[in-house]
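2 protein chains.
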Amino acid sequence: MGEAILSDLATEIIVPACAVVGIVFAFVQWILVSGVKLSPEKDSPANRNKNGFTDSLIEEEEGLSDHSVVTKCADIQSAIAEGATSFLFTEYQYVGIFMVAFAILIFLFLGSVESFSTSSQPCTYDKTLICKPALATAAFSTVSFLLGAITSVVSGFLGMKIATYANARTTLEARKGVGKAFIIAFRSGAVMGFLLAANGLLVLYIAINLFKLYYGDDWGGLFESITGYGLGGSSMALFGRVGGGIYTKAADVGADLVGKVERNIPEDDPRNPAVIADNVGDNVGDIAGMGSDLFGSYAESSCAALIVASISSFGVNHDLTAMMYPLLVSSVGILVCLLTTLFATDFFEIKAVKEIEPALKRQLIISTALMTVGIALVTWLSLPSSFTIFNFGTQKVVKNWQLFLCVAVGLWAGLIIGFVTEYYTSNAYSPVQDVADSCRTGAATNVIFGLALGYKSVIIPIFAIAVSIYVSFTCAAMYGIAVAALGMLSTIATGLAIDAYGPISDNAGGIAEMAGMSHRIRERTDALDAAGNTTAAIGKGFAIGSAALVSLALFGAFVSRASISTVDVLSPKVFIGLIVGAMLPYWFSAMTMKSVGSAALKMVEEVRRQFNTIPGLMEGLAKPDYATCVKISTDASIKEMIPPGALVMLTPLIVGIFFGVETLSGVLAGSLVSGVQIAISASNTGGAWDNAKKYIEAGASEHARARPERFGPTQGSCDW
Amino acid sequence: MGEAILSDLATEIIVPACAVVGIVFAFVQWILVSGVKLSPEKDSPANRNKNGFTDSLIEEEEGLSDHSVVTKCADIQSAIAEGATSFLFTEYQYVGIFMVAFAILIFLFLGSVESFSTSSQPCTYDKTLICKPALATAAFSTVSFLLGAITSVVSGFLGMKIATYANARTTLEARKGVGKAFIIAFRSGAVMGFLLAANGLLVLYIAINLFKLYYGDDWGGLFESITGYGLGGSSMALFGRVGGGIYTKAADVGADLVGKVERNIPEDDPRNPAVIADNVGDNVGDIAGMGSDLFGSYAESSCAALIVASISSFGVNHDLTAMMYPLLVSSVGILVCLLTTLFATDFFEIKAVKEIEPALKRQLIISTALMTVGIALVTWLSLPSSFTIFNFGTQKVVKNWQLFLCVAVGLWAGLIIGFVTEYYTSNAYSPVQDVADSCRTGAATNVIFGLALGYKSVIIPIFAIAVSIYVSFTCAAMYGIAVAALGMLSTIATGLAIDAYGPISDNAGGIAEMAGMSHRIRERTDALDAAGNTTAAIGKGFAIGSAALVSLALFGAFVSRASISTVDVLSPKVFIGLIVGAMLPYWFSAMTMKSVGSAALKMVEEVRRQFNTIPGLMEGLAKPDYATCVKISTDASIKEMIPPGALVMLTPLIVGIFFGVETLSGVLAGSLVSGVQIAISASNTGGAWDNAKKYIEAGASEHARARPERFGPTQGSCDW
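As they're listed, the protein sequences go chains A and B. FYI, numbering that gives the first Met the number 0 numbers position 537 of the first sequence as 536, with every residue one higher than the one before it. FYI, numbering that gives the first Met the number 0 numbers position 311 of the second sequence as 310, with every residue one higher than the one before it.
Next up, chain A with everything else stripped away, as it sits in the complex:
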């Protein structure tokens, strides 16, 4: 079998070191962002937490040194930050109650397996060995579940903080040029990306090492209890995504329907009562929500790989370095992303608007290319040349280059998904332009073309995912799938950076508009934002692709644990599971869409009411009541995230209890294969509609009858 080149001690140093490097890098970026000073004259709320030292702004090229503009920016920023913070606190309160209840349930269920006995017991996979009691696993699983949930919350919250800290600064930098603004927005995205990737890795690493103090050589029990970390992350992701998604889309649709369509005022006009809610939404939905989502996938795939490894030769032989392979891949990923980020912020400089999208695309290519080398290195250094992997009851012999192939195929599938998403959602290519053109004949043809585009955009990503599954499964069974997912997520820091960059630019544009800044500044932020819509869709593509692989890996773990050796489509129990499972994403989407629809209706009515009843609002003489709109979005999303969340959480329990594991296997497989299609098509349809709108607005004269369509954002929220 051979030995790994890397010593166990080196592994124990490299992993936390890389995580710390990531965190330090994130803070360096944060400091660089804070170099842009808000409010030179007074101590604005957003600046209060720093040393209060004020610096005079560099005189802008346009000669705009109107200090009131800066003050306005600071005010708007603090309103957005306050709204976002207050929403997240409310959300976390509700979700916190649920998480504690769920944690207690986990403890009771797992503990009751051996009737809360504190004595050791024979191991699950090898009855000749003695393992730690089920009660211990219950306790440690509960702890790691809570750790996962807390890490997710912290990552999402910090991401929101930096985003609401950076938005006004991006606006101000836009006065100096598009390149400066781009760097601020991108650096802030990087803060979020690196914090999340490094925190996720560090907490996992620390948990493993602490748990090992108790478990000792019982690695089966150790890594079984570590899986709670993934569950905690993804449970949080579910609520973060759904709650944030409903919030942002209700506000977005509501604001635009009355403001842009009925009242014919610009997007983000300060007269629109829902404009603050809209900007808050970007931060809680597309920053905190997306962060939770990707963290969930990342934690799940790491845990899935670890649990399989623990019952493979790595775990059986107590080969620590090989066991830590998933963490080593993530560690190298942080270094690779660090280098990649420098390409965007330091090595090159953006001079014109049209360089933005290529620069972001270059990030994807560079990180993927470097990561391929990184994976090869990690694989060569940390794995024995040959080993065995657990495969549904048997041990499969695997070579180290096969594992390289698994991770690499996931990584490159991610790149392909990214490129396809870009092609279908960027207004530089014909699909979005066709959708924009179809507006000439009205909303109906626009809807038809948009939906058709989304459906079509599913084809290549599905083939990419199918190839990854085939290659990685053939090479290394379910472990292969898990590390393929990890490969796709190995460049998560860069992925999140370009993803978070979008909402920050969107907010920056909003602030420019609300602060009444020059048209030229708004043009610059709009250009940043258009690229951001595309990258947001790419981020969703990664999230969906990796979620598909992770779900399959977890499905494999479930099947292994439930001692099922085949899931036969020809058995009626499995087939009805399959068809009902394929229906579940529709049910879920129906719920979330209905929620967005109702919340948007309420928002529209409130905005109309304010326009009609507040005298002088349209003339800009009176201030609208932003808080009521924020409250509508908050209440709706808190209330409405429960039913879809319950559907996802309860289905496995109900099906498992009443119909058995066979049907449950069918349900899981069915919802996986059906959900990934809806998710990709809805996300791309949404992105395309959004950018078609931007495309039309940029050259409105050509499309006389074109109307901005606002179906886009809602569609995007139906990710399963």
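Keep in mind that a hint or two might mislead.
Because identical chains cannot be distinguished in the list, a pair is counted as satisfied if it fits within a single copy or across any two copies.
[Stated by the list, open to error] Lysine-lysine pairs mimicking DSS-like chemistry, simulated, CA-CA at most 30 Å apart:
#1 Lys693 - Lys601
#2 Lys693 - Lys259
#3 Lys398 - Lys572
#4 Lys350 - Lys693
FYI, nobody ran anything at the bench for these hints, they're computed from the structure. What you are looking at is a predicted structure, and each value in this text was computed from that prediction instead of being measured.
Assemble chain B onto chain A, guided by the hints.
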């Protein structure tokens, strides 16, 4: 095992007798419809084929005896009939070439199995017996394939003929009252329903008996070659549905976008150049296309049941009556539907508009209730009390009451699907009303609510289908699934009657508008039409539900034939098949939607061109150029039906050849479970949008900002 009560001779008499009764009944209905005379004064084209005897019209209650109106109706009718006939001839020409090529391929593939040897060979399922040569099976399969295709063409064509014969007559009868008009429209629908059900049964019966002259006791070979009948029917259905669907939706969207939305003229206004194409579309898409579709499912399910039975105890023991069980069920179905039809046309009388929908719903309930008794009777009379059914290589013992359960569960699942569809698409209930209300806030919320409604409407039908699958599979394996599908289709004559009633009423309304008849008449036909939109959605629900069951039965037949004993989701080959298969319906829908979108764009531009360039068109002084619009729809649908058709036809071949039967099994299962969801949701979203529009138009004042949305029809065309 016991003997059946019914003798073989009785079976040989009952089946064709019922078929003939069905055909005679259809002709009686036709004669009753022809009692309404068009053009009392001159020999109109539509009347020319009859004896030319003219009768004076009864003086109408409104005192409208303007003969020019009648002449106008006759003219419009003949324009629609000519357009529909010419389109179908063009379509059949292209499809005919394809069918002949496909028939040759079938012959060559099947014949080449034993290198075109004419000597007998060992049987597939029992090597100790000698069966007819593969060449014979190739020849007979080809013949039955062509028979299936021709029967489909004839049924669809006759349906279109009676529909275009009845539309103007319905308009004229509407002058006497809504009840009279309803009866004419419903009788015409019944002509189509009974002709299709009876023809399908009769041709199948004759083919079996003729083939038996050659095959003798080799029932395995006999029924294997009969399966070509199903393939022929469903190949034709694919093109009929796609071609007709593109035609009708392109014309519909094109006509409404310019006429109703831009020019603000009523629906079906004669000034609209696309109005004839729109009315032709109803006949080629929703009549001929839907007819082909249901015939395809019917033929496939009969053939699937027969092929399984031929290798079960029925076939092995040469028990003709039991073997003919599927045909006996269909025979009784014709009698049951005949009785049911009398409830609508003779036993009750419609006196008010609000009685229409209950009357149609009663048809569903009565036919299902009677049919349950009919199935019990057939099961008791024609089956031995216990027998064995082939189940993936083994023989499963089945009791006759279990087979009753299989057919009945399919039948009742159909009723549930029908009711759920009605609930979600009729404007009498809250879902459609909510969609209509959402128009107050514009197109975007309307789209969100409509899509959410469609997604939600999937839930109960999928559970109904899942229960049917579970019950019928548990009772009688794949044979159970096939007869469950047959159960759902056993009341096909009534189903098609209420389905075809819709487009006929739609046309009748169009003719009333174009002939410039009184507003009261238009109101009556509109009421008929609104009910028709719902019943059309119900018809689609049946088509989708039965297609799902049939596909599963065929999947089972394929798996049995390919000697696969398990299709394991955990094998990578199957899983990638599953995920790629689940993607195929999206690909297919993307193609058809894009086709509809492009054709509608062309149509819109042509209609606009005519309004802009033909002087006096808006004032009603000049006649528009209807023919160009008809040509645009015809050309588009002929050209555009090829790629989706090729996707469906070639996928199994390509996957099977390059990736093997395992992956192919996955692809089939994946596209089945994913396709049924898209089909139900798209069909119901479409129906709901259509009726939300009608709901708004009926009480427009309440919904000040409401605009008729025309996405509906397109959605409906995405059936997989």
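To see whether the hints hold, each was checked on the structure:
For the identical chains of this complex, Lys693 and Lys601 are neighbours both inside a copy (26 Å) and across copies (25 Å), given an alpha-carbon limit of 30 Å. Taking identical chains as interchangeable, the C-alpha atoms of Lys693 and Lys259 lie at most 30 Å apart whether they share a chain (13 Å) or sit on different chains (28 Å). In this homomeric assembly, Lys398 and Lys572 come within 30 Å of each other (Cα to Cα) only across copies, at 21 Å, whereas the closest approach inside a single copy is 37 Å. Taking the closest pair of Cα atoms, Lys350 and Lys693 come within 30 Å of each other only inside a single copy of the chain (21 Å); across copies the shortest separation is 55 Å, beyond that limit.
Checked against the numbered hints above, the structure violates none of them.
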